[in-house]
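**Q** Chain by chain, the residues run as shown.
Number of protein chains: 2
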Amino acid sequence: MRIALDAMGGDLAPREQVAGAIFAAREFGIEVALVGPPDAIAPELTKFPKTDRVSIVPASEAITMEEDEIVKAVRSRRDASINVAMTLVREGRADAAVSAGNTGAVMASAFFVLGRIPGIERPALGALLPYNAGRVFLIDAGANADCRPNHLLQFAQMGSAYMERVVGVANPRVGLLNVGEEAGKGNELAAEAHERLRESGLNFIGNVEGVNIHKGICDVVVTDGFTGNVALKAGEGVADYILEQVRGVIRSSPLYVSAAILLKPALRRVLKRLQYEEYGGANLLGVNGTVVIAHGRSDALAVKNALRLAHAAAGSGLLDTMRASFVRAEEESTAAGR
Amino acid sequence: MRIALDAMGGDLAPREQVAGAIFAAREFGIEVALVGPPDAIAPELTKFPKTDRVSIVPASEAITMEEDEIVKAVRSRRDASINVAMTLVREGRADAAVSAGNTGAVMASAFFVLGRIPGIERPALGALLPYNAGRVFLIDAGANADCRPNHLLQFAQMGSAYMERVVGVANPRVGLLNVGEEAGKGNELAAEAHERLRESGLNFIGNVEGVNIHKGICDVVVTDGFTGNVALKAGEGVADYILEQVRGVIRSSPLYVSAAILLKPALRRVLKRLQYEEYGGANLLGVNGTVVIAHGRSDALAVKNALRLAHAAAGSGLLDTMRASFVRAEEESTAAGR
Numbered sequence: 119m120r121i122a123l124d125a126m127g128g129d130l131a132p133r134e135q136v137a138g139a140i141f142a143a144r145e146f147g148i149e150v151a152l153v154g155p156p157d158a159i160a161p162e163l164t165k166f167p168k169t170d171r172v173s174i175v176p177a178s179e180a181i182t183m184e185e186d187e188i189v190k191a192v193r194s195r196r197d198a199s200i201n202v203a204m205t206l207v208r209e210g211r212a213d214a215a216v217s218a219g220n221t222g223a224v225m226a227s228a229f230f231v232l233g234r235i236p237g238i239e240r241p242a243l244g245a246l247l248p249y250n251a252g253r254v255f256l257i258d259a260g261a262n263a264d265c266r267p268n269h270l271l272q273f274a275q276m277g278s279a280y281m282e283r284v285v286g287v288a289n290p291r292v293g294l295l296n297v298g299e300e301a302g303k304g305n306e307l308a309a310e311a312h313e314r315l316r317e318s319g320l321n322f323i324g325n326v327e328g329v330n331i332h333k334g335i336c337d338v339v340v341t342d343g344f345t346g347n348v349a350l351k352a353g354e355g356v357a358d359y360i361l362e363q364v365r366g367v368i369r370s371s372p373l374y375v376s377a378a379i380l381l382k383p384a385l386r387r388v389l390k391r392l393q394y395e396e397y398g399g400a401n402l403l404g405v406n407g408t409v410v411i412a413h414g415r416s417d418a419l420a421v422k423n424a425l426r427l428a429h430a431a432a433g434s435g436l437l438d439t440m441r442a443s444f445v446r447a448e449e450e451s452t453a454a455g456r
Numbered sequence: 119m120r121i122a123l124d125a126m127g128g129d130l131a132p133r134e135q136v137a138g139a140i141f142a143a144r145e146f147g148i149e150v151a152l153v154g155p156p157d158a159i160a161p162e163l164t165k166f167p168k169t170d171r172v173s174i175v176p177a178s179e180a181i182t183m184e185e186d187e188i189v190k191a192v193r194s195r196r197d198a199s200i201n202v203a204m205t206l207v208r209e210g211r212a213d214a215a216v217s218a219g220n221t222g223a224v225m226a227s228a229f230f231v232l233g234r235i236p237g238i239e240r241p242a243l244g245a246l247l248p249y250n251a252g253r254v255f256l257i258d259a260g261a262n263a264d265c266r267p268n269h270l271l272q273f274a275q276m277g278s279a280y281m282e283r284v285v286g287v288a289n290p291r292v293g294l295l296n297v298g299e300e301a302g303k304g305n306e307l308a309a310e311a312h313e314r315l316r317e318s319g320l321n322f323i324g325n326v327e328g329v330n331i332h333k334g335i336c337d338v339v340v341t342d343g344f345t346g347n348v349a350l351k352a353g354e355g356v357a358d359y360i361l362e363q364v365r366g367v368i369r370s371s372p373l374y375v376s377a378a379i380l381l382k383p384a385l386r387r388v389l390k391r392l393q394y395e396e397y398g399g400a401n402l403l404g405v406n407g408t409v410v411i412a413h414g415r416s417d418a419l420a421v422k423n424a425l426r427l428a429h430a431a432a433g434s435g436l437l438d439t440m441r442a443s444f445v446r447a448e449e450e451s452t453a454a455g456r
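Protein chains in written order, with our numbering: chain Z, 119 to 456; chain U, 119 to 456.
Just chain Z, same shape as in the assembly:
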């Protein structure tokens, strides 16, 4: 297993990227190809004992321009580190690509270099949330702001395949994020998507309200990328708020400070599950290759965990499963003259 890591993508690149690669290579026994300018990467690499598992693949710098220029930059700068990482995947020289660069740039590069799996209309971002003993996969977490009901159906199919192949959940339960439990609830998109999902043959359990995302009642939560992104980030915001408030009241009295010191290891365990560093990143599903997009602020731990996510997905056969089922669905619908 060899994973291409965009060594220049992310706020703390290449330092944390190199460290994360080293840790992942050690811990998961994988090879990591650090993609970027050797001049920038080599000095970081020499800080660690030499290993055959981590190598450098030369490329020019990361794409770091203004938002509206990104797609153009990705298309014109073939030698950009993210494009070279995707090319390694396309050519079979890497099993997956990981980047903590700008999400728009990574998606554009994946579309441009790898392309979509035939039959999939819209690739989507799937986030494996760290809640519950089991885990819940939120899709789309932000790739597609405006969606049609058929897109949500495909997100559900991709999410279901992910939970089955990568996480090992048999017959994953799929819920539709909505504002109420009854079938007719929600906006037009949700009401129509509900019908599609009901007829899909998936293990559809119906609508799931925001308050129940984390309650373990389903394995996949389906929504459009606008709502999904807001839901995910609103949850992060509340978590930030609670932690800040708890810190504030604890600091208000020496007695609280002493008690809190005793509780620290316990609280740290809770915190650890909540932090994005621990879950690593989002899976870009629907493109013709395994791609994980890590948080822009990723440190070495987050990079390591993004590599772990990519490792799990690439080793699972997910891509072959999706290629087979979506291509078949497309052939059937073509044969049916639709």
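Derived by calculation from the structure, the hints in this document are not laboratory data. Check the hints yourself; a few may be wrong.
[What the hints assert, rightly or not] Chain U residues, not near chain Z, derived (Cβ > 12 Å throughout):
1. E354
2. V367
3. R386
[Claimed, not checked] Cβ pair distances, simulated, as ranges:
4. U:I335 <-> Z:L361: 11 to 21 Å
5. U:L380 <-> Z:G252: 27 to 37 Å
6. U:R316 <-> Z:T182: 24 to 34 Å
7. U:S318 <-> Z:R193: 50 to 60 Å
8. Z:L361 <-> U:P383: 14 to 24 Å
9. Z:R193 <-> U:K333: 51 to 61 Å
10. U:G302 <-> Z:E239: 45 to 55 Å
11. U:R193 <-> Z:G435: 51 to 61 Å
12. Z:L361 <-> U:T182: 34 to 44 Å
13. Z:E362 <-> U:I379: 18 to 28 Å
14. Z:E362 <-> U:D186: 19 to 29 Å
Remember, predicted model here, so these are calculated numbers, not experimental data. From the three backbone atoms N, C-alpha and C, an ideal C-beta is built for every residue, glycine too.
Following the hints, put chain U in place on chain Z, whose structure we already have.
**A** Showing chain U alone in chain Z's frame:
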């Protein structure tokens, strides 16, 4: 100040409604009219010392049928407690109405009995979130699943008027809930609403991401009712999750239990701010009267706080401000031939 309370609306009605009314009358010096069947209300009322401030206004039972029958039931059963409460407001015999009944039923009753403020296309639910030293007003929190850009502009105007008149924030900062900070970001609705807000004359600070709702960077967060409801409830879900996890790890060791006992008053303070019981309910803005919709599971504390919200709104002059500004806007747009 006299507030009409739907004594039959809510899972714990009429017991908690009556207790909440008594507490609110004592604490805020207001009068509360308990609306519902005297047979059901009187036995609860006799549990408390007699007071002139809390009275009974007879009505038949609450509307508690299936979701799809609600609007019809509200229209046909004029004597339902929620309709009688709204009628007291329309006739000037109460200054506000409060109900913990089904949100759809309360909204339908408010539209039917009170009507909209002329010029307002869509009444909306505004939730005053308990975060930050200052507070943030999320609108629409769930009344309108499908919206057009002009609706979001009106939500912003109503939210801004609320924060100015009721909470006392001068020149409230308005943010648009979105998936990124740049102007062109988001779905079609958000991108178009951004333009409207920019030209609105409101104190528009731009897009606000989900993670920043609670950071105190704006006073009003505007969004459609689908996204708003999901954002609000996803946040509640994460709060539930954290509290449950913390409880779990604390129970895992006697040392943690002892430390937690010391910390209890501190943690309770944080918890208190987070719980809906403390903030009471959502304001239905845009109808021709002051209406607060409390959580269906409201206990006496939540009912008391919903009455406090209604008291604050009714005493603020908000309704007159909104009537004047929206009627004027409508006249101007009619005069301009639009």
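**Q** Against each hint, give a clear statement of whether it holds in the structure.
**A** Cross-check of the supplied hints:
Taking the minimum C-beta to C-beta distance to chain Z, about 5 Å, the non-interface status of E354 of chain U is violated against the 12 Å cut. With a least CB separation of 4 Å from chain Z, V367 of chain U falls inside the 12 Å interface cut-off, contrary to its annotation. Its beta-carbon lying about 9 Å from the closest one in chain Z, R386 of chain U breaks the requirement of being farther than 12 Å from that chain. Checked against the hint of 11 to 21 Å, the C-beta distance between I335 of chain U and L361 of chain Z comes to roughly 18 Å, which is consistent with it.
Checking the proposed 27 to 37 Å range against L380 of chain U and G252 of chain Z shows it holds: the Cβ atoms sit about 33 Å from each other. Between R316 of chain U and T182 of chain Z the C-beta distance comes to about 27 Å, which sits within the given range of 24 to 34 Å. As the Cβ distance of S318 of chain U to R193 of chain Z is approximately 37 Å, the hint placing it in 50 to 60 Å is violated. At about 18 Å, the beta-carbon gap between L361 of chain Z and P383 of chain U stays in the expected band of 14 to 24 Å.
A hinted range of 51 to 61 Å for the beta carbons of R193 of chain Z and K333 of chain U is inconsistent with their spacing of about 36 Å. For the hinted restraint 45 to 55 Å between G302 of chain U and E239 of chain Z, the CB-CB distance of approximately 23 Å leaves it violated. With their beta carbons about 57 Å apart, R193 of chain U and G435 of chain Z fall inside the hinted range of 51 to 61 Å. Our hint of 34 to 44 Å for L361 of chain Z and T182 of chain U holds, since their Cβ atoms are close to 40 Å apart.
At about 23 Å, the beta-carbon gap between E362 of chain Z and I379 of chain U stays in the expected band of 18 to 28 Å. Checked against the hint of 19 to 29 Å, the pair E362 of chain Z and D186 of chain U fails, with Cβ atoms roughly 43 Å apart.
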